[in-house]
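Peer 1: Letter by letter, the sequence shown follows residues 40 to 391 of this note's numbering.
Keep in mind the hints are simulated off the structure, nothing from the lab. Keep in mind that a hint or two might mislead.
Heads up, simulated DSS-like pairs for lysine-lysine below, C-alpha to C-alpha not over 27 Å straight-line [as the list claims (entries may be wrong)]:
no.: 1; residue 1: 137; residue 2: 57
no.: 2; residue 1: 95; residue 2: 57
no.: 3; residue 1: 137; residue 2: 220
no.: 4; residue 1: 95; residue 2: 220
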Amino acid sequence: MTTGSANAAFCLNTEELKIELDLLVQEHQILPMLHTQGCLPVLDGDRITAVAVENKDGRGAICARMFVDATGDGDIAVRAGVPYLERDRVQPPTTCAKIRHFLQAGMRFADLYREHHAEFGLVPDSGWDAPVPGVPDVHMVAQMHVFGVNVAHAEQLTRAEMEGRRQIRGIMDMLRKYGPKGNDITLVQLASAIGIRETRVVEAAHCLTEEEVLHGVRFPDAIANGSYRVDVHAPEGGGFLFKYLDGRTLLVDGNGHKEGRWREPTPENPTFYQVPYRCLVHPTRPNLLCAGRMIQADRGAFGAVRVMVNTNQMGEAAGTAAVLALRGSGSVAQVDPGVLRRTLADGGSIML
């Protein structure tokens, strides 16, 4: 774990995490339906009454009084007629891999990549890596982007996944040819799916803005608190731009790191930002909530709120709000934000 004044980062062993999450679901008596694809919502007026699904049993439907779309792409909301946006230039996805002996004494991957990437059919780019806890000498590597795709669409998703695997092969070939000799550099595992940053933005009662994030605007209906910086990956050309709440900027690309500022220094700075409940609600669908990286936010704000530590909080809030709506009027838009925040706090969430 690394810590700073307002941030903490944790490295996870994803294989152990899979088992732990299974246990978490079972302990709370949740009925999961793995390998089940939500296909089409069924509407009765403005309410969703069921979602048609496909799985090993064939075609069926899940009926409910409340629905939470946590697909990441807003599949259910969009097919239910909720307006949405696909930006012309979305943040590109990344194929992650686990590589043994990725880091060797005296080797800087960024320098190696900058010098030799073209030989292996790769483009200028920049990424990051992290050790895998409990697995000696193995790193999770997220060094590349797949540009020019929006993986909310089937053909582009297929193309992106295949291109991502080709990129990893290129990295492995580069390491074996130009990396330190005498070390067994091994591809241990490819991610089961490409890592998606952005596809659709589903319209909501409030659009979170970069200005609100960077200035730490407080909301009376806040359901999530975040300190992860604004992190926007370039749609083409590689690299990413960080904007911090204290006014600093950091541009990371194939040429290295460049520090700057988006505003002048001040004696005090916000230490966190908030996501309002209204970002999860669309007024035309009274029994639907959207949680995850498709909530409505502009490009800068989206770069901050799309990450796991924030989307986890959105999911907790959406599930809680769905229960409160069932106990009340039946409309998610009429859930009392004060009651929602108190209920979340009673469950262990931090409400500021």
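Peer 1: Compare the distance between the alpha carbons of residue 95 and residue 57 with 27 Å, and conclude whether the hinted pair is satisfied.
Peer 2: Given pair residue 95, residue 57 holds - Cα atoms ~22 Å apart, limit 27 Å.
Peer 1: Holds or violated: are the alpha carbons of residue 137 and residue 220 at most 27 Å from each other?
Peer 2: holds, 20 Å
Peer 1: Just to be careful, I want the Cα atoms of residue 137 and residue 57 compared with a cutoff of 27 Å; is the pair within it?
Peer 2: holds, 16 Å
Peer 1: Is the Cα-Cα distance between residue 95 and residue 220 27 Å or less?
Peer 2: violated, 48 Å
Of the hints listed earlier, the one the structure fails to meet is number 4.
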